[in-house]
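S.K.: In the order they appear, the protein sequences are chains A and B.
My numbering puts the first residue of the first sequence at 236, with every later residue one more than the last.
My numbering puts the first residue of the second sequence at 236, with every later residue one more than the last.
Source of the hints: derived by calculation from the structure; they are not laboratory data.
Even glycine gets a Cβ: it sits at the ideal position worked out from N, Cα and C.
Just to be clear, a hint being listed does not mean it is correct.
Computed list of chain A residues with no C-beta within reach of chain B, every gap over 12 Å [claimed, not checked]:
| hint | residue |
| --- | --- |
| 1 | L322 |
| 2 | P369 |
| 3 | H527 |
| 4 | S543 |
| 5 | E596 |
| 6 | A614 |
| 7 | P621 |
Quick list of in silico lysine-lysine cross-link-like pairs, DSSO-like style, CA-CA up to 30 Å [said to hold, decoys possible]:
| hint | chain 1 | residue 1 | chain 2 | residue 2 |
| --- | --- | --- | --- | --- |
| 8 | A | K649 | B | K318 |
| 9 | A | K648 | B | K318 |
| 10 | B | K318 | A | K468 |
| 11 | B | K575 | A | K240 |
| 12 | A | K519 | A | K318 |
2 protein chains.
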Amino acid sequence: MAHGKNAFYAQSGGVTSVINASACGLIQAARERRDKIANVYAGRNGIIGALTEDLIDTGQESDAAIAALRHTPAGAFGSCRYKLKGLDKSRAEYERLIAVFKAHDIGYFFYNGGGDSADTCHKISQLSATMGFPITAIHIPKTVDNDLPITDTCPGFGSVAKYIAVSTREASFDVRSMAKTSTKVFVLEVMGRHAGWIAAAGGLAASASHDIPIVILFPEVELDEQRFLQTVKEKVERHEFCTVVVSEGAKRQDGKFLSEQGTTDAFGHAQLGGAAPVVANLVKQALGYKFHWAVADYLQRAARHIASKTDVEQAVAVGRAAVECALAGQDARMITIVRKSDDPYRWETGTAALADVANVEKFMPREFITADGFGITDACRRYLAPLIQGEDYPPYRDGLPDYVVLKNQPVTKKLATEFKVGK
Amino acid sequence: MAHGKNAFYAQSGGVTSVINASACGLIQAARERRDKIANVYAGRNGIIGALTEDLIDTGQESDAAIAALRHTPAGAFGSCRYKLKGLDKSRAEYERLIAVFKAHDIGYFFYNGGGDSADTCHKISQLSATMGFPITAIHIPKTVDNDLPITDTCPGFGSVAKYIAVSTREASFDVRSMAKTSTKVFVLEVMGRHAGWIAAAGGLAASASHDIPIVILFPEVELDEQRFLQTVKEKVERHEFCTVVVSEGAKRQDGKFLSEQGTTDAFGHAQLGGAAPVVANLVKQALGYKFHWAVADYLQRAARHIASKTDVEQAVAVGRAAVECALAGQDARMITIVRKSDDPYRWETGTAALADVANVEKFMPREFITADGFGITDACRRYLAPLIQGEDYPPYRDGLPDYVVLKNQPVTKKLATEFKVGK
Chain A
236 MAHGKNAFYA QSGGVTSVIN ASACGLIQAA RERRDKIANV YAGRNGIIGA LTEDLIDTGQ
296 ESDAAIAALR HTPAGAFGSC RYKLKGLDKS RAEYERLIAV FKAHDIGYFF YNGGGDSADT
356 CHKISQLSAT MGFPITAIHI PKTVDNDLPI TDTCPGFGSV AKYIAVSTRE ASFDVRSMAK
416 TSTKVFVLEV MGRHAGWIAA AGGLAASASH DIPIVILFPE VELDEQRFLQ TVKEKVERHE
476 FCTVVVSEGA KRQDGKFLSE QGTTDAFGHA QLGGAAPVVA NLVKQALGYK FHWAVADYLQ
536 RAARHIASKT DVEQAVAVGR AAVECALAGQ DARMITIVRK SDDPYRWETG TAALADVANV
596 EKFMPREFIT ADGFGITDAC RRYLAPLIQG EDYPPYRDGL PDYVVLKNQP VTKKLATEFK
656 VGK
Chain B
236 MAHGKNAFYA QSGGVTSVIN ASACGLIQAA RERRDKIANV YAGRNGIIGA LTEDLIDTGQ
296 ESDAAIAALR HTPAGAFGSC RYKLKGLDKS RAEYERLIAV FKAHDIGYFF YNGGGDSADT
356 CHKISQLSAT MGFPITAIHI PKTVDNDLPI TDTCPGFGSV AKYIAVSTRE ASFDVRSMAK
416 TSTKVFVLEV MGRHAGWIAA AGGLAASASH DIPIVILFPE VELDEQRFLQ TVKEKVERHE
476 FCTVVVSEGA KRQDGKFLSE QGTTDAFGHA QLGGAAPVVA NLVKQALGYK FHWAVADYLQ
536 RAARHIASKT DVEQAVAVGR AAVECALAGQ DARMITIVRK SDDPYRWETG TAALADVANV
596 EKFMPREFIT ADGFGITDAC RRYLAPLIQG EDYPPYRDGL PDYVVLKNQP VTKKLATEFK
656 VGK
């Protein structure tokens with residue numbers, strides 16, 4: 236049996252509940268094409284594993300273990316927050332990557348991440364060609380922030396959106412129960428430092444059959460405190476309660492994050508707080524309503540137990556498509572999700588040139604936000620609704636999700652040199 | 236068809252993801268015994284609905300709507316935080332309740348709540364007898380805090396425990412992925428102001444097959460900061476990461492809640508914060524580790540989407556048993572869960588005298604907490620494990636749980652007098 240070159244795969248940046256589903260799709264597709272791809276080496280802790288020649292031999296994992304990645308959240312090989320800079324500043328790192336890839340006969344570079352990793356992926360492709368060891372570089376989109384351009388959505392986002400929509404509906408039922416004598420305002424803080432896609436998902440908790448008063452604070456709309464308080468007041472007077480979904484990236488009119496309000500603890504240390512308690516206290520002080528607040532933080536992006544089936548399927552699909560794209564001889568591409576219709580939702584994978592992807596952020600379009608700045612429009616609903624469709628429950632053992640932990644056996648090093656990772 | 240007296244049912248205190256399942260069991264059981272129970276009237280917003288003669292006619296709800304209560308979180312009739320005091324101080328309120336019950340021919344009083352409502356239930360029974368209109372009063376246990384005595388567990392707790400165990404496992408997978416270059420410590424704040432049962436459930440995230448370093452801060456154990464920091468440091472050095480589960484009721488050695496650390500915002504207002512950011516900042520300042528923190532708040536007790544099947548079944552069972560108990564002529568009883576064996580878990584319902592229940596709080600026994608004070612013992616695992624067994628997913632529509640909203644039609648008032656609820 237003729238064996239091809241090896242492939243390198245790495246997970247980058249903040250992990251999601253379905254990034255391993257992309258790894259699953261990719262490794263399964265590669266195993267079906269052993270004539271072209273001998274083995275898949277994963278970077279331990281992302282690109283750092285490549286720089287330090289700390290590669291994981293995924294060939295040591297059983298088919299069952301790889302299949303279980305489909306239902307396992309977070310990064311099974313470890314991820315990292317490590318951004319390679321431009322070729323002028325980080326040339327030694329890029330050259331080291333090519334050296335490691337050459338030593339391990341790697342012909343395919345698959346990078347699973349957000350905007351920064353798309354940029355890195357692009358540079359690997361360019362530099363490897365000029366260094367006489369051309370590597371096919373394909374970017375697999377992943378980000379809960381949903382801020383990559385061209386693709387209809389980013390795997391990882393749909394599941395966070397579902398978690399936030401479900402949690403907002405559930406907590407709203409709770410507050411409604413308590414409103415007569417107790418809590419009237421519930422504030423939920425969600426991720427999204429620059430773009431309000433996740434916050435927007437909170438708006439899905441309300442529907443024609445569920446009249447739930449929701450006020451959303453987007454990072455794209457500077458907070459007008461008085462209008463916000465007036466809106467909350469009107470909703471509480473009409474419904475007896477109100478749910479506020481605030482993005483961690485929500486800002487005051489002076490441009491500062493709500494969460495950076497100079498709070499100090501008893502020792503005078505700056506308090507690293509959340510936006511939710513700030514909003515809750517604002518409401519309390521101005522309107523006197525009893526409140527509760529929650530900060531979902533990692534729970535939202537790790538919540539594989541309530542993942543969107545659509546999202547899981549798309550995550551697997553982009554992993555598989557990356558292999559197909561590479562084997563079709565394409566290079567420097569990002570796999571995309573292409574929406575064919577809203578209802579019924581139909582989609583397929585496509586590709587985009589990395590040159591068009593790198594360092595472009597996609598924000599919520601203004602027509603997705605209601606005129607008052609505190610809600611989502613029907614156009615936004617049409618966009619979001621399909622992305623949270625379907626459940627894809629993991630198997631359970633002893634009452635808990637049976638997530639897989641891989642063996643993560645190292646590949647024997649071949650280089651004599653060590654490389655010190657900067658930062 | 237001979238018709239019996241009416242029954243009154245009310246939800247009390249903080250709601251749970253399965254309190255409506257108890258309502259479902261109770262109303263279904265009552266509908267099967269229309270010879271004895273003509274109709275079930277629910278209090279709108281709990282006991283306040285009885286005081287103000289604002290009763291809901293559950294007879295107007297379809298069988299399908301009542302069945303849907305089984306999978307709908309929070310209080311479908313509204314709950315309240317309103318504690319009736321002793322007979323000496325609140326006699327007018329008790330007398331008003333009896334007057335309303337008399338006007339509506341109510342022979343059965345079912346009160347679904349925690350310790351305070353058990354006490355109220357007991358007094359209703361006593362007073363109604365002395366007032367010549369004897370009412371059978373049965374308490375249906377409900378509390379996420381799991382702090383009622385005698386019963387093996389309290390419906391509501393198992394589902395919160397499952398949510399916390401699942402979320403702790405998921406977030407731990409996330410942190411482990413990020414630990415190499417980013418977050419090393421994740422802090423999750425959970426409910427439980429006095430008793431550490433919910434915090435203990437975080438310990439279930441680790442198991443023989445899941446070696447996850449977890450440090451739990453119980454309300455029962457005063458925080459020794461130096462030992463805590465040392466423990467976190469050791470875990471991070473060994474595992475590269477650590478997950479901290481902190482109860483909202485965790486206290487410093489001076490007896491103050493961690494969450495009451497005198498933090499102030501930019502305007503000098505006292506900041507109503509959480510314990511999680513306090514713990515996270517403590518770790519950051521002493522050890523320098525990058526952290527993330529989450530506060531689950533209402534999300535944990537409203538999370539019907541990941542309810543424990545055991546808990547749902549017990550919640551339904553205590554509702555049904557309350558009807559059977561009342562029709563069997565018992566009075567002033569609380570329904571209990573009786574554990575017959577740990578593994579396989581076998582249980583049945585029983586009853587306890589309200590005199591033995593009221594105002595007794597059940598804390599974590601010391602033998603459930605490890606010697607170092609930061610973990611759970613095998614005995615605790617044996618107790619907790621069965622309570623999170625099984626999944627009981629709600630139906631979904633458009634990607635969201637299809638929770639029912641009842642019509643909640645009022646019963647025509649019969650009393651000429653209005654009653655002003657105090658407080």
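S.K.: Does each hint hold? Answer for all of them.
M.R.: Here is what the structure says about each hint:
1. In this structure L322 of chain A is separated from chain B by more than 12 Å, as the shortest Cβ-Cβ distance comes to about 22 Å.
2. At the 12 Å boundary, the C-beta of P369 of chain A stays outside the reach of chain B, the nearest C-beta of that chain being 29 Å off.
3. The claim that H527 of chain A is not at the interface with chain B is violated, since a C-beta of that chain comes within 12 Å of its own (minimum 5 Å).
4. With a least beta-carbon separation of about 7 Å from chain B, S543 of chain A fails to lie farther than 12 Å from that chain, contradicting its non-interface assignment.
5. Distance check for E596 of chain A against chain B: the nearest CB is about 20 Å away, which clears 12 Å, and the non-interface claim stands.
6. No beta-carbon of chain B comes within 12 Å of the beta-carbon of A614 of chain A; the shortest separation is about 17 Å.
7. Here P621 of chain A does not stay apart from chain B, with its beta-carbon only about 8 Å from theirs, under the 12 Å limit.
8. Of the pairs offered as hints, the one joining K649 of chain A and K318 of chain B is violated, with about 72 Å between alpha carbons and a cut-off of 30 Å exceeded.
9. Using a Cα cut-off of 30 Å, the hinted pair K648 of chain A and K318 of chain B is violated, with the two alpha carbons roughly 69 Å apart.
10. Note on K318 of chain B and K468 of chain A: the hinted pairing holds, with a Cα-Cα distance of about 27 Å set against a maximum of 30 Å.
11. Of the supplied pair hints, the one linking K575 of chain B and K240 of chain A is violated, its CA atoms being roughly 60 Å apart against a limit of 30 Å.
12. Restraint check: the Cα-Cα separation between K519 of chain A and K318 of chain A comes to about 41 Å, which exceeds 30 Å; the hinted pair is violated.
Consistency with the previously given hints fails for numbers 3, 4, 7, 8, 9, 11 and 12, ordered from lowest to highest.
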